[in-house]
Structure formats: C-alpha cells, structure tokens
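Trainee: In order, the protein sequences belong to chains X and U.
In terms of my numbering, the first sequence opens at residue 1 and continues consecutively.
In terms of my numbering, the second sequence opens at residue 1 and continues consecutively.
Just so you know, these hints were derived from the structure itself, not from any lab.
Heads up, some of the hints might be wrong.
A pair counts as met if it fits within one copy or between any two copies, since identical chains are not told apart.
Said to hold, decoys possible - Straight-line Cα separation of at most 35 Å, DSBU-like style, residue types lysine-lysine; simulated pairs:
#, residue 1, residue 2
1, K18, K178
2, K199, K18
3, K198, K18
4, K92, K185
5, K199, K17
6, K55, K17
7, K185, K80
8, K191, K76
9, K107, K57
10, K80, K178
11, K178, K109
12, K178, K28
13, K92, K28
14, K189, K199
15, K107, K92
16, K185, K76
17, K61, K76
18, K92, K59
19, K21, K199
20, K92, K194
21, K185, K109
22, K199, K185
23, K109, K17
All of these numbers come straight from a predicted model, not from anything done at the bench.
There are 2 protein chains.
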Amino acid sequence: MHKIEIEAGVDILALNKKIAKENRQFFKENNIKAVNIMGAIGSGKTLLIEKTVEKLKDKIKFGAILGDVVGNADLKRVLKYGIPAEVINTGKECHLDAHLVSHCLDKFKNVDILFIENVGNLICPVDFDLGETLRVVMVSVTEGDDVVEKHPEIFRLADVIIINKVALADAVGANIDKMISDARKLNPKAKIIKMDLKKDIGLEEWFKIVEDLVNQG
Amino acid sequence: MHKIEIEAGVDILALNKKIAKENRQFFKENNIKAVNIMGAIGSGKTLLIEKTVEKLKDKIKFGAILGDVVGNADLKRVLKYGIPAEVINTGKECHLDAHLVSHCLDKFKNVDILFIENVGNLICPVDFDLGETLRVVMVSVTEGDDVVEKHPEIFRLADVIIINKVALADAVGANIDKMISDARKLNPKAKIIKMDLKKDIGLEEWFKIVEDLVNQG
C-alpha cells in the first residue's frame, strides 16, 4: 500500500529504527542470530532455509519467519522440518518491517538461528532494518545478469550475496562473472557465493557462514 | 521510499486516478494504445518489447517508456530499433505512477502503440493505473510455479497474462499447468499466453493481440 508524505507526523523509518533496536536487543539477550534473507520472487529463499535446516538441524536450533503478501505455502514447506515457524502476510505491503517481526518473536526465544525470509523483491525491503545480525541478498541468474547493477542499494548493504541457479547460466545466457563483478564493485566486503541449490553447488560455503555465526557467540 | 499515512492531506491514489484519467484522454485524442507491462525482475519485459518492435515496426509506430529504479540499460536496448523512448528512474520507488508517465508523453504523440515497462516487481505497480489501454503481466517459470497464487491482485487485474521461459520448466521443476490454472481461477477473462521469448514460442499469439489493438481503432 502506498501512502502519502507530509512534513509533520510520524517518521515511519525512524519508528522502524527504534523497533529494530528493540528486536536487536531481544536477539542479543536470548543469544539468537537473526538472518534477514532478501531477494526477488523465486530466487530460492525458502529452499535455502529448507536445505540449511535439513543439513544442520542436529547441531543448531532453527526458527523461521516467512514474509509473503498472501498465503502460507512457504510456511508449510518449513514446518515439515519440525522447527518453530510463523508466516507474516503483508497484504499489499512489499516488505517486512521491524514492527511486524516484533509481534512474533516470543515463540523463537530458544532458537540459535532465526531465518527471516523477506517479501520477494529487491527494492522495498532495503530501507527496513529488522534488527537482524546478518543481511543476505539472494538473486538467481535467471533474473538476468543485469539484476545486480539495477538494484544497487540492496547489494550495498548486504553481508552475504548469493547468486543462485548458476547451473542455468548457459541456458539463459547469463554472465555470472559480470554479476559477481557488479556485486563486488558495489560492496567490496560482502561474501559472495555462487550457488545452485538444486545441484548442491555452493552450499558448504553457506553452511560454514551459518555455523560460524552461531559459534561467534 | 516508504511514506506515512494520515487521515488528512492528499490521497495519493485518488490523485493518481485523476492523472491517469488525463493520460487516458491524451492517448484517446492522439489515437495511441498504451500497454502497461508489469512483471518481476528478469521476467522478460524488455525483450518482449524488443521482439515486438523488431517484428512489427514496418506496420506499427511504436514508442517505449522504461521504468527502472536506476540506470538506462533497458533504454539502450530499445533505442537501437530507432523508436522514440524514454527512461523513468524511480529512485527508491517500486512502481511507476500516472504523474511520472505524464511528464514524458509529449514525445510519443505520433505513435500507435506506447509500451510502458513498469518497475520489476509484482506487488507495487498494481495500485497505480497509468491510463493504459491494456494491462499485461509477465512472469517466468523460473520464478517458481507458486508465483501466480502468491500475487493474486496483479493477476486479477490483467488483460493479458504471459508465462515466459516455458522451455525451462523441466530444468527448474515448474508445473506450467498449475500456473495457468492459478491464473485462470483469479482471472477468467484474461488472455493467457505460454511463451518462451528465446525460443520464439508464443510470440505469434502476442503479435496478434498487438495488431488487433491497433486495428480496433
């Protein structure tokens, strides 16, 4: 939903910042690492969560918040692993915000890693800190190899950039090196992972990031 | 950019409606058919415009407005066909609106078909009528076969629904029939086209829609 801007009144981004700070405090007190996973529709966000939980669930206690405009298809996919999970339907909103996330934090008090899957697009989630420990942006080569340069802000602020579906690069004529070089120019510090979830490419590198996150205390 | 909502003040959607009406009047007076092409990142919107112009440019006078957060890569792709074209960079905005479009209409007075490529996502453009004659929503099977059911509003309001990259359905494990059935349930009247732009599948059906639009007077 699109709203109006006026001089007076509440600054929605400042309010979000305040609540994000409270979420961050909650995560710290409960020793939870929150991972905000952003990315376009169909980039593989839910499958990344599924594969990670499947692989590491004996070592790490996971939870998941699934953001979507409508429906609970993603929730069902994650619940089958027996982890605590919650869907947030945003209606017409194109992103999660700290306030929406704060509403369902109580059920995740005992997890080590809380995945927060944002609503699928590369524009709107960027302004909304959720209080997360780690910011992940996931794109796939099937979105076109200009997808990184076209959405600079979200890549600039990421800790981890995942380029998924690399096994399809030839089929769609995408230049992976260009995507990596675009990402590197925008964000020299981020970890960049070439991945193909369906072919098990790049997963070990990602699992290590998740394990290190838990072990860093 | 995300803004605040208050009781008083300007209703941005009502204002958009008013300007959309003016755009529609402009299109009518100048005998222009405006085609609002919406769809996720990388769904093939620009390539659809390119292929259509390439095929029909001897019969039909085309123009194009390309909406993107930043950059003019799409503009360059279209300009090489020698048609009038304009980029609209929305900055942090996730959709075009009637006002942005109205600013650059003068240069398109002499076209038969004006393609307006919206910003790449399936959530935000839905509320903003641009004054268009035809609403097209384009998705690709690589976005996952749940992409239609997850974004009902945009499909409900479409005149034409294009499901692109069908040749990749097996490679990504997408069920095209499910996508079509989801679309049909949401929108019994829309024309639904199975397409693969890179394999020239479904294009004839689309060209016919474009030609009929011009000929309907």
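Trainee: Would you mind marking each hint as holding or not holding in the structure?
Mentor: Verification of the hints:
no. : hint        : verdict
1   : K18 / K178  : neither (38 Å within a copy, 43 Å between copies)
2   : K199 / K18  : neither (41 Å within a copy, 51 Å between copies)
3   : K198 / K18  : neither (39 Å within a copy, 48 Å between copies)
4   : K92 / K185  : both (33 Å within a copy, 20 Å between copies)
5   : K199 / K17  : neither (39 Å within a copy, 47 Å between copies)
6   : K55 / K17   : within (34 Å within a copy, 51 Å between copies)
7   : K185 / K80  : between (39 Å within a copy, 28 Å between copies)
8   : K191 / K76  : both (30 Å within a copy, 31 Å between copies)
9   : K107 / K57  : within (18 Å within a copy, 59 Å between copies)
10  : K80 / K178  : between (37 Å within a copy, 22 Å between copies)
11  : K178 / K109 : neither (41 Å within a copy, 38 Å between copies)
12  : K178 / K28  : neither (38 Å within a copy, 43 Å between copies)
13  : K92 / K28   : both (31 Å within a copy, 31 Å between copies)
14  : K189 / K199 : within (27 Å within a copy, 39 Å between copies)
15  : K107 / K92  : both (25 Å within a copy, 34 Å between copies)
16  : K185 / K76  : between (38 Å within a copy, 22 Å between copies)
17  : K61 / K76   : within (18 Å within a copy, 49 Å between copies)
18  : K92 / K59   : neither (37 Å within a copy, 40 Å between copies)
19  : K21 / K199  : neither (38 Å within a copy, 50 Å between copies)
20  : K92 / K194  : both (32 Å within a copy, 27 Å between copies)
21  : K185 / K109 : neither (38 Å within a copy, 40 Å between copies)
22  : K199 / K185 : both (28 Å within a copy, 33 Å between copies)
23  : K109 / K17  : within (21 Å within a copy, 46 Å between copies)
In this structure, the hints that do not hold are numbers 1, 2, 3, 5, 11, 12, 18, 19, 21, in rising order.
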